[in-house]
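Once you have looked at the hints, place chain F on chain R.
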Amino acid sequence: MRFLRWFITLTGLLGIWAFIVWITDLPKFILPTPLQVFGSFLERYEILFHHAQTTLLEIVLGLTLGITFGILSALMISMHRGARQWFMPVLIASQAVPVFAIAPLLVLWFDYGITSKVVMATLIIYFPVTVSFLDGLNRTPPALLDLARLMQQQGKAGWLMKTWRLYRYIRVPHALPSLASGMRVATAVAPIGAVVGEWVGSSSGLGYLMLHANGRMQTDLLFASLLTLTVIAIALFYLMDFLLRRALVWQPDQTPPL
Amino acid sequence: MVADDISSAPADTGEDTGRSPALHISLSEIAFQGRSILENLQLSLESGKTTCLLGPSGVGKTSILKSIAGFLPLAEGSLIEASDHENLSGRIAYMDQNDLLLPWATVLDNVLIAARLSGQKPDSDKALDLLEKVGLIEKAASRPDQLSGGMRQRAALARTLMSDCPFVLVDEPFSALDAITRHRLQALMVDLMRDRTVLMITHDPLEALRIGHQIYVLSGDPVILSPPLHVKGAPPRIPTDEALQPRLQLILSMLGMTREDA
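Which chain is which? The protein sequence lines are R and F, in order. Taken in order, the first sequence gives residues 0 to 257; the numbers are from numbering that gives the first Met the number 0. Taken in order, the second sequence gives residues 0 to 261; the numbers are from numbering that gives the first Met the number 0.
Extracted from the complex, chain R is given alone in its bound form (with noise of 0.2 Å):
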């Protein structure tokens, strides 16, 4: 049931996409039919292989590392009233620059290299997964802190201690279903941090193979491009969605698994 409906969708976007050329008429460089681009793709499939191999380790980095700074910035922030203060009008400030914008600069500051588009993703994930996280930890109930509060007056630790515990027991898995969200976003967003990057200055990654091949008129390319940038962002989603769902097992949710 679910090919089949996963199949009459895929189906029936390409038939209206044929459609479309059929009916309009267009050249081959303004819009290429399915055919064409599945054409394209079988016989570049080593060149694409090739660049998707780099966007796809741009995503896993900024991925791993904006999520980890997420998690510690938000843990920072939460048990600090003072770093709250400080920090959330930069964070808020930093997301009001659009990553288009320094993306130039980045590529200026880091290189043509890999590590510019990792910052990129980097900066695009590190703002959803600190505020749903940091959410998560600012929501744990009254009450069952106050239970715990109680119940950690019986032992003799410092502050540092009880602090500790009390996250490492408390607060941290009461708020991992929010972070859950938080990555679930970054993970959809990632790939443009990548591929915003590729375009600004590079020499590998699909990015660069769309600039590269519109530059040519090639666009069966771009479109080959294009379609195998949005399988691996739908397989990485999936796989991160899978991944938290076994992780949150005890979680309530309604949703059913797509």
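Derived from the structure by calculation, the hints contain no laboratory data. All values reported here derive from a predicted model rather than from experimental measurement.
Only pairs whose alpha carbons sit at most 25 Å apart, straight line, appear in this in silico DMTMM-like list of lysine to aspartate or glutamate: (1) K161/R - D108/F; (2) K161/R - D98/F; (3) K65/F - E38/F.
Covered by chain R, according to a simulated footprint, are these stretches of chain F (three or more residues, beta-carbon under 8 Å): (4) 65 to 74; (5) 96 to 104; (6) 109 to 120.
Cβ coordinates follow ideal geometry from the N, Cα and C atoms, glycine included.
Showing chain F alone in chain R's frame:
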């Protein structure tokens, strides 16, 4: 505040061994959302006995309990003192209206949470023994979402008892349960909290008569606290018992219920 004249309050020496000390509570003011709702409240919890604080919903019972537990700051002039004059810190257990079980942890881990939070070695044998007593041993490895409401409160009861605190504050944990489950859990609680000094708040006169050695009633407008009423016979009692009817009538009239309401 003078003890109720019908029964003489037992002498509370606080010297009994193996029994929890008595607790004297004097609260100068209880505020709720910045507004003063109660003033000059004096409660004496007898050593190793259960005291019920009975009052209608919204009268400030939970605020009183939270003040005693230290969740709310005490107003100036308030004093809470154990009869052994030791510090109260680390000697109070609290059982909330909601079970507050951690949804990601197993029942066993929930019972062991106090030890983990305070850095003590988790005593699994003791936890399993308590789960046996509350009849949840087969659910030790289950998560809370696999339990019924009554089972969840039994798990919460085991968690409360795990810490061996002499003082236990209980905020009507059984009010959301069906009558039969509630009846069973009340008996279980009486059995397991024997010899501890317990303060339980409730809005149910029958519950107070079932498990309280003494009962304080909060009623009226402005709200005042009654002298302690002592109830004869060892809990858990059957509240419909003929001998308890005069007490029930007295409590109902204190709560402002007249014959016409019946």
